[in-house]
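A.B. asks: Okay, here's what each chain looks like letter by letter:
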Amino acid sequence: MARKIESLVFHADYEKIISIVEQDSKVLDLGCGTGELLFRLIRNKNVKGRGVEIDQANILKCIGKGLSVFQGNIDEGLKEYQDKSYDYVILNQTLQVTHKPQFVLKEMLRVGRKAIVSFPNFAYWKIRAQLFFHGTMPKTETLPFEWYETPNIKLVTIKDFRKFCKDNKIKILQEIFIGDNEKTLRSVCLANILSSEGLFVITDSCATD
Amino acid sequence: MNKNTRFDSGSIGLVHTKYFTFANPPDELELECGKKLGPITVAYETYGKLSEKKDNAILILHALSGDAHAAGYHTANDKQPGWWDNMIGPGKAFDTDKYFIICSNFLGGCKGTTGSITVDKNTGRNYGLSFPMITIADMVKVQKKLMDYLGVQSLLSLAGGSMGGMQGLEWIIEYPDFVKSAMIIASTSRLSPQAIAFNEVGRNAITTDPNWHNGDYYGKSIPRHGLAIARMIGHITYLSDISMHAKFGRRLREREAYGYDFSSEFEVETYLHHQGDKFVERFDANTYLYLTKTMDYFDLASKFGSLNSAFENVTSKVLVMSFTSDWLFPPYQSKEIVKSLMNNDKDVSYVEITSSYGHDAFLLEAEHLTKIVTNFLDNLKVDKNGKKN
Numbered sequence: 005m006a007r008k009i010e011s012l013v014f015h016a017d018y019e020k021i022i023s024i025v026e027q028d029s030k031v032l033d034l035g036c037g038t039g040e041l042l043f044r045l046i047r048n049k050n051v052k053g054r055g056v057e058i059d060q061a062n063i064l065k066c067i068g069k070g071l072s073v074f075q076g077n078i079d080e081g082l083k084e085y086q087d088k089s090y091d092y093v094i095l096n097q098t099l100q101v102t103h104k105p106q107f108v109l110k111e112m113l114r115v116g117r118k119a120i121v122s123f124p125n126f127a128y129w130k131i132r133a134q135l136f137f138h139g140t141m142p143k144t145e146t147l148p149f150e151w152y153e154t155p156n157i158k159l160v161t162i163k164d165f166r167k168f169c170k171d172n173k174i175k176i177l178q179e180i181f182i183g184d185n186e187k188t189l190r191s192v193c194l195a196n197i198l199s200s201e202g203l204f205v206i207t208d209s210c211a212t213d
Numbered sequence: 415m416n417k418n419t420r421f422d423s424g425s426i427g428l429v430h431t432k433y434f435t436f437a438n439p440p441d442e443l444e445l446e447c448g449k450k451l452g453p454i455t456v457a458y459e460t461y462g463k464l465s466e467k468k469d470n471a472i473l474i475l476h477a478l479s480g481d482a483h484a485a486g487y488h489t490a491n492d493k494q495p496g497w498w499d500n501m502i503g504p505g506k507a508f509d510t511d512k513y514f515i516i517c518s519n520f521l522g523g524c525k526g527t528t529g530s531i532t533v534d535k536n537t538g539r540n541y542g543l544s545f546p547m548i549t550i551a552d553m554v555k556v557q558k559k560l561m562d563y564l565g566v567q568s569l570l571s572l573a574g575g576s577m578g579g580m581q582g583l584e585w586i587i588e589y590p591d592f593v594k595s596a597m598i599i600a601s602t603s604r605l606s607p608q609a610i611a612f613n614e615v616g617r618n619a620i621t622t623d624p625n626w627h628n629g630d631y632y633g634k635s636i637p638r639h640g641l642a643i644a645r646m647i648g649h650i651t652y653l654s655d656i657s658m659h660a661k662f663g664r665r666l667r668e669r670e671a672y673g674y675d676f677s678s679e680f681e682v683e684t685y686l687h688h689q690g691d692k693f694v695e696r697f698d699a700n701t702y703l704y705l706t707k708t709m710d711y712f713d714l715a716s717k718f719g720s721l722n723s724a725f726e727n728v729t730s731k732v733l734v735m736s737f738t739s740d741w742l743f744p745p746y747q748s749k750e751i752v753k754s755l756m757n758n759d760k761d762v763s764y765v766e767i768t769s770s771y772g773h774d775a776f777l778l779e780a781e782h783l784t785k786i787v788t789n790f791l792d793n794l795k796v797d798k799n800g801k802k803n
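Heads up: the protein sequence lines correspond to chains A and B, in order.
Count along the first sequence starting at 1, add 4, and that's the number in the numbering used here.
Count along the second sequence starting at 1, add 414, and that's the number in the numbering used here.
Keep in mind that the hints were calculated from the coordinates and are not lab data.
If you're wondering where the values come from, they're calculated on a predicted model, not measured in any experiment.
Hints should not be assumed to be uniformly reliable.
[Said to hold, decoys possible] Label pairs and their computed distance ranges (CB to CB):
#: 1; chain 1: B; residue 1: Asp-759; chain 2: A; residue 2: Ile-22; range: 31 to 39 Å
#: 2; chain 1: B; residue 1: Lys-558; chain 2: A; residue 2: Gly-81; range: 36 to 44 Å
#: 3; chain 1: B; residue 1: Lys-795; chain 2: A; residue 2: Glu-153; range: 34 to 42 Å
#: 4; chain 1: A; residue 1: Lys-104; chain 2: B; residue 2: Glu-683; range: 41 to 49 Å
[Claimed, not checked] What the simulated footprint calls covered on chain A by chain B, stretch by stretch (three residues with Cβ under 8 Å from a Cβ of chain B suffice, anywhere in the stretch; the number is not a length):
#: 5; region: 55-65
#: 6; region: 84-92
Glycine included, every Cβ here is placed at the ideal spot set by N, Cα and C.
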């Protein structure tokens, strides 16, 4: 997995994720960066949290915050973790930098009762416009890199992700579209155009609410 | 190092080894093998001061050939400081201005603590092979006695590399409430068959030395040759392919071309001979036999039924560190420890340090380790509300 750049961490997402996660639950945060989200989840929701991170400088910051963190590459899977051993497995703004997103998502759903996935939506109108009008690789706040140095290799749209879930028999429990007029977005087609990010709560188990 | 700058601000300066004796008959210590041993003398050193609240003690656990002398110098003329001097001292990772650091020679060692080289008071002769087999748990039991003697009621942390990490694991299992946190570096919950194999070759080199005499060589010629070979083999396992390339390459020493004879001419050869010869001056052959066997026997999964059950009652915050090029205590073994602790929902972190130094990295990667250890220790003093104690 490529390294997630710190500027790619979006604090708006944090608030949304923190509001979704239930009090006192058990959380595994994949690609946890410097551990900010995990730290806030522990403080605000009293979760029992753990992080997985590939970058050693980030690991140091996590340890400095007193977090439980495991240095590892999530593209290699979550073999250190038992089936359904977490309430939530979080993949925040990291899906697009994994080499094997399908495998990573499968592993998340094996280990977690629910998974929370957020990613930059590549069908966002500003991205479409750059490609359409300028004919250049799009650069936005959520995807700020030049084509030759971007860690984002598996870009996806909200529509793609919904189809992926359907094809893989993954149940979408909740979807949140972040972007322009997010509160009024009722149609997915519109959301796919007006949202800069998609945030999904998914599960593979039938027994979940 | 320049003599004038020897005791610079980062050095703890002059230190002394102290001794503590307990388990005098009839109160001998019962060992895991069932035998009793006493009296037992423990060689130890301490650096820094135990705080009034007694909440700043850190126990350092040495590896196979280490000793109680972890930092500073015994005399102003010492060529080398203690074995972990790059980590222990004022302002260093184990900051002696903040922490009370303790290091003792483990039971069965030959550096001042009772071991096979010690004279048995009952016979007036060195124990030799009549010394009982010591386990890692026995070593830890003795270290606990030392803590009691020093008035240390809990450990803020402990740290051990390699065989020291084995003791650390035993500590958090045996005395969970005593140990607030633990750093287990380049270690394992049990040796791989490959590591046991290398130990056996080392032991064989010693026991086939004609001077060994079934371990009764005291006051006579010692099995120099065997012990030196054992150390040479050990050294190969502490390095890595990459570090040997970097350190020696195929360079020749004192020769321009091959001599086409059997003198040692490659740099790597003379290095190993030098290490072997040096070791003989400071270590004991029977002790090497005992300690390698102690490591071979260490197996938490077999002792407790499984590694998961071994860690069931752990309450310490644990930090496990491994090095990418370490093939003697490879990262997968550290990950096994972490996995089992995670399965038990314990507070554990894992760092895999990129290093080309092989197993020796735990003594050499001071810069990396300092950053990690400092971050880890700093946080221990912070309570849940983010306030520093």
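A.B. asks: Are Asp-759/B and Ile-22/A spaced within 31 to 39 Å by their CB atoms?
C.D. replies: violated, 22 Å
A.B. asks: Starting from the hint 41 to 49 Å, judge whether the C-beta atoms of Lys-104/A and Glu-683/B obey it.
C.D. replies: Holds, since Lys-104/A and Glu-683/B (Cβ atoms, about 46 Å apart) stay within the stated range.
A.B. asks: With a cut-off of 8 Å between beta carbons, are at least three residues of the region 84-92 of chain A near chain B?
C.D. replies: With 4 residues close enough to chain B, the hint holds.
A.B. asks: Please test the hint of 36 to 44 Å on the beta carbon pair from Lys-558/B and Gly-81/A.
C.D. replies: holds, 40 Å
A.B. asks: May I ask you to test the hint 34 to 42 Å on the CB atoms belonging to Lys-795/B and Glu-153/A?
C.D. replies: This hint holds: roughly 40 Å between Cβ atoms.
A.B. asks: Using C-beta distances, would you say chain B covers the region 55-65 of chain A, given that this needs three or more residues below 8 Å?
C.D. replies: holds (count 4)
The structure is inconsistent with hint 1 alone, although it conforms to all the rest.
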